[in-house]
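K.L.:
Protein sequence lines correspond, in order, to chains A and B. Take the first sequence: its position 231, counting from 1, is numbered 231 in my numbering, and each next residue is one higher. Take the second sequence: its position 62, counting from 1, is numbered 62 in my numbering, and each next residue is one higher.
Treat the hints as calculated values from the structure; they're not laboratory data. Note that the coordinates shown come from a computational prediction; the quantities given were computed from them, not determined experimentally. Fair warning: there could be bad hints in the mix.
[Claimed, not checked] Simulated pairs of lysine-lysine, DSBU-like, Cα-Cα distance not exceeding 30 Å:
{"#": "1", "chain 1": "A", "residue 1": "Lys82", "chain 2": "A", "residue 2": "Lys159"}
{"#": "2", "chain 1": "B", "residue 1": "Lys132", "chain 2": "B", "residue 2": "Lys27"}
{"#": "3", "chain 1": "B", "residue 1": "Lys73", "chain 2": "B", "residue 2": "Lys201"}
{"#": "4", "chain 1": "A", "residue 1": "Lys141", "chain 2": "A", "residue 2": "Lys125"}
{"#": "5", "chain 1": "A", "residue 1": "Lys159", "chain 2": "A", "residue 2": "Lys174"}
{"#": "6", "chain 1": "B", "residue 1": "Lys130", "chain 2": "B", "residue 2": "Lys155"}
{"#": "7", "chain 1": "A", "residue 1": "Lys309", "chain 2": "B", "residue 2": "Lys73"}
{"#": "8", "chain 1": "B", "residue 1": "Lys201", "chain 2": "A", "residue 2": "Lys309"}
{"#": "9", "chain 1": "B", "residue 1": "Lys155", "chain 2": "A", "residue 2": "Lys309"}
[Unchecked claim] To give an idea of the chain A side of the interface with chain B (calculated C-beta under 10 Å), a few residues:
{"#": "10", "residue": "Ser12"}
{"#": "11", "residue": "Gly16"}
{"#": "12", "residue": "Asp262"}
Ideal Cβ placement from N, Cα and C applies to all residues, glycine included.
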Amino acid sequence: MRNSPPRKNRFSAYLGNHLRVSFASLGRLYVQPVATLMTAAVIAIALALPMGLYIALDNVGQLSSGWDGSTQISLFLHTEVKTREAQKLMQRLQKHKAIKKVEFIDKDKGLEQFKEISGFGDALKHLDSNPLPIVLVVHPKMTTNQPDRTSQLVKELGKNKLVELAQLDVQWVKRLYTFLDIANRSIWVISSMLAIAVLLIVGNTIRLDIQNRCEEIEVSKLIGASDAFIRRPFLYTGIWYGLIGGVLAWIITQISLLLMEDPIHRLALLYHSDFRLSGLGAGLTLLLILFSCSLGLVGSWIAVRRHLKEIEPS
Amino acid sequence: MIHFDNISKRYPGGHDALSRINLRLAKGQMAFLTGHSGAGKSTLLKLIAMIERPTRGQIFLDGVNLNNISNRKIPYIRRNIGIIFQNHHLLYDRPVFDNVAMPLIIQGYRRQEIHKRVRAALNQVGLLNKEKSDPITLSGGEQQRIGIARAIVHKPLLLLADEPTGNLDPELSREIMQLFARFNQVGTTVLIASHDLDLIKQMGAPAISLHNGQVEHNGLPYTAGTPVSR
Chain A
1 MRNSPPRKNR
11 FSAYLGNHLR
21 VSFASLGRLY
31 VQPVATLMTA
41 AVIAIALALP
51 MGLYIALDNV
61 GQLSSGWDGS
71 TQISLFLHTE
81 VKTREAQKLM
91 QRLQKHKAIK
101 KVEFIDKDKG
111 LEQFKEISGF
121 GDALKHLDSN
131 PLPIVLVVHP
141 KMTTNQPDRT
151 SQLVKELGKN
161 KLVELAQLDV
171 QWVKRLYTFL
181 DIANRSIWVI
191 SSMLAIAVLL
201 IVGNTIRLDI
211 QNRCEEIEVS
221 KLIGASDAFI
231 RRPFLYTGIW
241 YGLIGGVLAW
251 IITQISLLLM
261 EDPIHRLALL
271 YHSDFRLSGL
281 GAGLTLLLIL
291 FSCSLGLVGS
301 WIAVRRHLKE
311 IEPS
Chain B
1 MIHFDNISKR
11 YPGGHDALSR
21 INLRLAKGQM
31 AFLTGHSGAG
41 KSTLLKLIAM
51 IERPTRGQIF
61 LDGVNLNNIS
71 NRKIPYIRRN
81 IGIIFQNHHL
91 LYDRPVFDNV
101 AMPLIIQGYR
111 RQEIHKRVRA
121 ALNQVGLLNK
131 EKSDPITLSG
141 GEQQRIGIAR
151 AIVHKPLLLL
161 ADEPTGNLDP
171 ELSREIMQLF
181 ARFNQVGTTV
191 LIASHDLDLI
201 KQMGAPAISL
211 HNGQVEHNGL
221 PYTAGTPVSR
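When you get a sec, could you build the whole thing from the sequences and use the hints?
P.N.:
Next up, the structure:
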């Protein structure tokens with residue numbers, strides 16, 4: 001084409017154009033700081049909320065991860081069961097395919113442990129006989145360490161006529177995990193909804209921007225601007241909104257973590273734990289910013305697709 | 001340069017803006033398009049600029065059949081055309097220089113080249129000293145000349161002007177027309193829609209007059225159907 005600039009300059013001109021357009025878009029946002037910050041703040045809050053929930057959940061998960069493998073079932077035998085009978089039962093259980101190992105706690109050992117833990121040692125000396133039953137501690141195999149299979153095993157063991165009570169010791173951990181699982185899913189649901197909200201916010205802001213610059217778009221089309229050229233400033237605006245919103249979301253999350261850190265640490269000390277809140281790592285921060293930028297880009301893309309076609313020179 | 005082959009344009013709603021138009025405008029020709037308002041002058045220019053598509057017939061622009069141009073390719077056709085409007089369509093949110101530079105930026109020219117060409121274009125319309133002004137601060141005639149500078153800055157093959165002197169007094173109108181004549185002298189094909197018959201007579205360029213969407217009188221040196229040497 002006769003009017004094209006020399007070919008070797010095309011690519012650098014193209015890059016230069018991208019650079020110029022991206023900064024021009026930022027400049028447009030900069031001259032309306034209040035409007036820009038309001039939009040970015042809405043995006044930031046929408047992102048910070050699921051981010052905060054995620055961090056809270058992540059911390060609870062870390063706190064409880066030590067208890068994972070510790071599922072064990074205590075079988076309290078009837079008091080009249082003799083040691084020999086109990087040992088036979090133990091040998092039989094050790095062959096059970098869902099059981100890894102069985103510990104035998106006879107009456108004396110049980111009493112010792114009880115003394116240690118309860119602190120009633122002196123009082124127990126006055127008892128004529130040992131009131132404790134024989135206890136078999138059953139460790140299920142790890143592969144069967146799943147809530148429903150474990151509880152099946154508990155039921156099965158409980159039916160044995162020597163067993164008075166079969167008790168799953170860490171059932172509450174299982175319940176906690178189930179609860180965390182539910183919480184995890186709800187975070188995904190909330191995040192998805194808020195992500196859609198961000199798309200709509202950006203889309204709507206860009207739509208207004210397109211309307212305001214209607215004449216510029218019309219003139220550009222008349223003097224031969226390609227669709228990509230006309231789209232570009234709006235897409236960059238969307239990315240900038242995403243970036244500013246993402247950085248604000250990061251700041252909000254960090255401030256909230258700082259506010260929570262001290263009381264949580266004090267609470268942990270009360271439980272003799274040196275648990276500390278773990279915050280946003282570098283990876284998570286990067287992910288947050290990237291996600292936010294892409295939401296901005298996609299939101300503006302949707303608006304641009306819909307509305308740029310409507311503006312044609314007439 | 002421009003060849004209308006049996007062109008008809010019917011707008012949605014059934015209004016026939018143009019019917020059975022045959023025209024040939026040679027390369028380097030300057031011509032006027034006249035007729036009462038509603039005669040189809042603007043529609044004819046819009047068909048060339050691909051703002052509208054014909055209902056029937058074919059238009060060839062520099063040998064290219066515009067019917068074969070997809071919507072995506074329209075921008076590249078328009079880059080060969082400079083369009084001037086009655087209301088000059090300047091953007092008031094940026095200075096004169098940026099307005100004139102728009103076609104060059106769109107086509108990806110380098111910064112030094114843009115500066116050189118914008119200055120040259122502003123110089124040609126006699127407004128080099130206004131490059132930093134806001135268009136809103138300029139008079140109607142000056143704004144129209146900025147619009148012309150924007151239309152010629154990328155050295156198009158064809159200049160289309162739709163009532164470029166519509167809002168100007170006779171003195172200014174003549175100046176604008178002489179500007180077009182100067183561009184024509186350096187080889188640009190120029191087609192101007194105007195109803196200012198006195199001015200057209202003074203310019204001495206051939207005129208095509210439209211009446212109710214049909215060619216009433218064709219003053220072009222070539223008549224439709226005559227082979228045109230290019």
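K.L.:
Any hints this thing doesn't respect? Which numbers, in order?
P.N.:
2, 3, 4, 8 and 12
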